[in-house]
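Each step along the sequence shown adds one to the number in full-length UniProt numbering, with nothing skipped, and position 723 is 723.
Misleading hints may appear alongside valid ones.
What the hints assert, rightly or not - Simulated restraints on C-beta separations:
| id | residue 1 | residue 2 | range |
| --- | --- | --- | --- |
| 1 | HIS324 | GLU482 | 38 to 46 angstroms |
| 2 | GLY413 | ASP393 | 27 to 35 angstroms |
| 3 | GLY129 | ASP633 | 42 to 50 angstroms |
| 4 | ALA191 | THR281 | 54 to 62 angstroms |
Unchecked claim - Below, a list of computed lysine to any residue pairs in the SDA-like style, where the Cα atoms sit at most 25 angstroms apart:
| id | residue 1 | residue 2 |
| --- | --- | --- |
| 5 | LYS341 | ARG301 |
| 6 | LYS399 | GLN320 |
| 7 | LYS341 | ALA429 |
| 8 | LYS341 | TRP321 |
| 9 | LYS399 | GLY413 |
| 10 | LYS341 | TYR354 |
| 11 | LYS341 | ALA364 |
| 12 | LYS341 | ARG236 |
| 13 | LYS399 | ALA358 |
| 14 | LYS399 | ASP332 |
| 15 | LYS399 | ARG434 |
| 16 | LYS341 | ALA168 |
| 17 | LYS341 | GLU400 |
| 18 | LYS399 | ALA293 |
| 19 | LYS341 | ARG434 |
| 20 | LYS399 | LEU356 |
| 21 | LYS399 | ALA364 |
| 22 | LYS341 | ASP393 |
| 23 | LYS341 | GLU305 |
| 24 | LYS341 | GLY294 |
| 25 | LYS341 | GLN396 |
| 26 | LYS341 | THR283 |
| 27 | LYS341 | ARG195 |
| 28 | LYS399 | TYR354 |
| 29 | LYS399 | GLY313 |
| 30 | LYS341 | ALA300 |
| 31 | LYS399 | ALA300 |
| 32 | LYS399 | HIS350 |
| 33 | LYS399 | THR340 |
Simulated from the structure, these hints should not be mistaken for lab results.
Cβ coordinates follow ideal geometry from the N, Cα and C atoms, glycine included.
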Amino acid sequence: MSTEELSTGELRQEQQFIDGLYARLDQLRGEAEELVQGSFAQRGNGLQARVEREVTVAERSGELAALNSVESGLCFGRLDFGSAEGGATHHIGRTGIRRDDAERTPLLVDWRAPVARPFYLATGHTPMGLRRRRHLTTRGRTVTALHDEILDLGDTTRTGHEDPSGDAVLLAALNSARTGRMADIVQTIQAEQDRIIRAPHRGVLVVEGGPGTGKTAVALHRAAYLLYAHREQLARRAVLIVGPNPAFLGYIGDVLPSLGETGVLLATTGELFPGVTATGTDTPEAAVVKGRAGMADVLARVVREQQTVPDDGLEIPHEQWTLHLERAIAEDARHQARTTKLPHNLARPHFGRYVLDALTAQLADRIGREPYEAIAEELGEEIPEGNILSAADIEQLGKEIAANPDVTAAIDGLWPELTPQQLVSDFLADPGTRLSAEDAAAVRREDGAWTPADVPLLDEAAALLGQDDHAARAAAVREYEERVAYAQGVLDVSYGSRTYEFEDLDDEESEVLSAHDLIDAERFAERHDEADHRSAAQRAAADRTWAFGHIIVDEAQELSAMAWRLLMRRCPTHSMTLVGDPAQTGDAAGCGSWQEILDPYVGDRYEHTRLGVNYRTPAEIMELAAQVMRASDPSFEPPSSVRSTGVPPWTRQTTAEDLPRAVADAVAQARASVEAGGRLAVVAPAALLPALAEALPQASCGTEPDLTAPVVLLAPHQAKGLEFDTVIVAEPDLIGSGSPRGTGDLYVALTRATQRLGLVHTEPLSFARSVTPA
């Protein structure tokens, strides 16, 4: 048989398998959809019937969404084990699918299953039992190409689809046009990436890697793997993925759904305080001050300052008497409340109780002893001990004092109940002497929208204040007792209405079972509770105190010390995956080093690994970017690029007046050479964006630009984690000198391109030694 005939036969065979696989997928989707529609059609108007419908609909809708999400590229690989005559064969795909038979035979193996691991790790030196590894390329439901890697060198069988290097699929993915949305790498995961993806999820795992090393993709696939391997635990506690900005979250938003996972919460740190939307912008100076770890102590001092005592005491009218709330009483009450170690709002009832007890004792002493004193003075006798009030009298007196609004107002004034928003906004409006004059001027703000740097302060304030939910819990108890009482009434009616049947044969009484025979009032009431059908991720987003099962942080080096305090509270077990590159730190408030981030929480008890291969950036562009870093660190070594395009970066010098037009011309020329469907980005200093936006009306820009647009205009911090076919950097030296960490911003800007890079500038470049003039 000729090579061409072999090749055609193999394609036909795989197409038959794919056809059968999609037929099974359609069948499963149809069954799930029928169950959803059937649940909607169920009869019954009672609460129990409605709850059962909602549970079924939620579960089946989730299954249907997962099945729909894996449509594209459902199957991408095949593993042939053992000999050609009798070895096992497994097809690998985005999810696991079983046949519709009694044994539920696996039809498609989930890429996360242990049996699929040789697809990513096997080599000719360590074949892991594999004879052949096949990559399937599909378009829609059609097989378009096969690539076979022979791992058993003793196997002489050939298919006509052999790939001697084994890199054809990877290179095709790297060279494909970008779409404005990150694609999964499930078909091309490399061995070093696979080891990180499948690493144990306990403790902190730090994944460091330069531009283009796939840090983000690895983090997302790790989330999918952990949800597969620890489904019961993590589905209940949820996984949180933290990204640097909303544009980045939109960019990666399709990856996990394409892997069949839809229950993960994606958020920026500015979105992690329920009820607050951080739309404001801080100056770099303000962000630095707000992000310092010392702000935790400052806020703790602000809270303590709210716990005051009167300098000269307070006189409080109470009926015909005057109560004296002396400074000593308030100081003792404050001391007693603080020794509880409870947050401010939770300690407040202890303060109030001590004050009420002291005022009650004061008034009881006056009321109960005055008659003795008057009689003793008249009779000239010694004043006896005690007073005429009984314990019940004193208790009633205490209730009357507690109901006095003037007493309540006095307690509220000395130990007020506070909200995080109120505390932080008051502090920012008047930092006072809690900060240096320079720092106070940087953060002072009378009003305005909350900023991302405010959110960790709000979270810190919430932790310091706590929430006194005694009233809410008491109301819930009362409501529950009312529902139990109502349920008991229903059961009593059922018992009173019981009926009997008599059997003719033995003339014995036979009672018919009713509701009161099967259930008690408490369980009857619980069956009618309103069920919460939100996913764990949805509930976590609305609950500041939620403890996540695992947290993944991308661009971790950018987060401030206060932001890390917030995240550590969200995951008390410190089960985290942190990915980033200290060399790319651009945020002035960013910690920038793993030791600085983790030392306060886990010391050196974390695992550190490094990704050293650059899959995105061509060698020509990477060498230019490395020149930027070597200017300050001569020993800097960038990650190794796996490919070279033969197209060096170009540069074009112009005047300041002509810069917008020159950038627009460069964009027009570059668009002509961008592969169909590709994407182009212009990265420029923030101060230049308005003028460039006017010159590029077709470009998408703003706080949340549309990354699927053909041309996107970005500030350097917005470009983090993104990639485009072509990138044009305007005024690169201004980016590099625009902030204390501008070098990191420039390094980021220069490493976003997968094919071509151009520089437009007004002054000779300070760093480029080998750039082609255009």
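Now the hints, each set against the structure:
Separated by about 43 angstroms at the C-beta atoms, HIS324 and GLU482 satisfy the suggested range of 38 to 46 angstroms. Between GLY413 and ASP393 the beta carbon distance is about 29 angstroms. The supplied range of 27 to 35 angstroms therefore holds. Distance hint for GLY129 and ASP633: a CB-CB separation of about 45 angstroms, consistent with the stated range 42 to 50 angstroms. One distance hint, 54 to 62 angstroms for the beta-carbon pair ALA191 and THR281, is violated here, with the actual separation near 42 angstroms.
Note on LYS341 and ARG301: the hinted pairing holds, with a Cα-Cα distance of about 15 angstroms set against a maximum of 25 angstroms. Restraint check: the Cα-Cα separation between LYS399 and GLN320 comes to about 16 angstroms, which is no more than 25 angstroms; the hinted pair holds. As the CA atoms of LYS341 and ALA429 are separated by approximately 28 angstroms, the hinted pair breaks the 25 angstroms bound. Annotation: proposed proximity of LYS341 to TRP321 is violated, straight-line Cα distance about 35 angstroms (limit 25 angstroms).
Distance restraint check for LYS399 and GLY413: the Cα-Cα separation of roughly 20 angstroms lies within the 25 angstroms cut-off, and the hinted pair is therefore satisfied. In summary, the hint linking LYS341 to TYR354 is supported, as the alpha carbons are separated by about 16 angstroms, within the 25 angstroms threshold. For the hint pairing LYS341 with ALA364, the CA-to-CA distance comes to about 31 angstroms; that exceeds 25 angstroms, so the pair is violated. Using a Cα cut-off of 25 angstroms, the hinted pair LYS341 and ARG236 is violated, with the two alpha carbons roughly 31 angstroms apart.
Proximity of LYS399 to ALA358 is assessed by CA-CA distance (about 13 angstroms); at most 25 angstroms being required, the pair is judged to hold. About 21 angstroms separates the Cα atoms of LYS399 and ASP332, which keeps this hinted pair within 25 angstroms; it holds. Among the hinted pairs, LYS399 with ARG434 is inconsistent with the structure: their alpha-carbon atoms are about 40 angstroms apart, more than 25 angstroms. A distance of roughly 63 angstroms separates the Cα atoms of LYS341 and ALA168; the hinted pair therefore is violated under the 25 angstroms criterion.
In summary, the hint linking LYS341 to GLU400 is not supported, as the alpha carbons are separated by about 29 angstroms, beyond the 25 angstroms threshold. A C-alpha spacing of about 45 angstroms is found between LYS399 and ALA293, which places the hinted pair above 25 angstroms, so the restraint is violated. For a cut-off of 25 angstroms, the pair hint linking LYS341 to ARG434 stands: about 23 angstroms separates their Cα positions. With a C-alpha separation of about 9 angstroms, the suggested pair LYS399 and LEU356 falls inside the 25 angstroms cut-off, and the hint holds.
Annotation: proposed proximity of LYS399 to ALA364 holds, straight-line Cα distance about 12 angstroms (limit 25 angstroms). Restraint check: the Cα-Cα separation between LYS341 and ASP393 comes to about 33 angstroms, which exceeds 25 angstroms; the hinted pair is violated. Among the hinted pairs, LYS341 with GLU305 is consistent with the structure: their alpha-carbon atoms are about 16 angstroms apart, no more than 25 angstroms. Only pairs whose Cα atoms come within 25 angstroms are accepted, and LYS341 paired with GLY294 is accepted, the gap being roughly 20 angstroms.
A distance of roughly 30 angstroms separates the Cα atoms of LYS341 and GLN396; the hinted pair therefore is violated under the 25 angstroms criterion. Proposed proximity of LYS341 and THR283 is contradicted: the alpha carbons are some 36 angstroms apart, above 25 angstroms. Proximity of LYS341 to ARG195 is assessed by CA-CA distance (about 44 angstroms); at most 25 angstroms being required, the pair is judged violated. As the CA atoms of LYS399 and TYR354 are separated by approximately 14 angstroms, the hinted pair is consistent with the 25 angstroms bound.
For the hint pairing LYS399 with GLY313, the CA-to-CA distance comes to about 22 angstroms; that is within 25 angstroms, so the pair holds. For the hint pairing LYS341 with ALA300, the CA-to-CA distance comes to about 13 angstroms; that is within 25 angstroms, so the pair holds. In summary, the hint linking LYS399 to ALA300 is not supported, as the alpha carbons are separated by about 33 angstroms, beyond the 25 angstroms threshold. Between the alpha carbons of LYS399 and HIS350 the distance comes to roughly 16 angstroms, so the proposed pair stays at or under 25 angstroms and holds.
Simply put, LYS399 and THR340 have alpha-carbon atoms about 24 angstroms apart, close enough for the 25 angstroms limit, and the pair holds.
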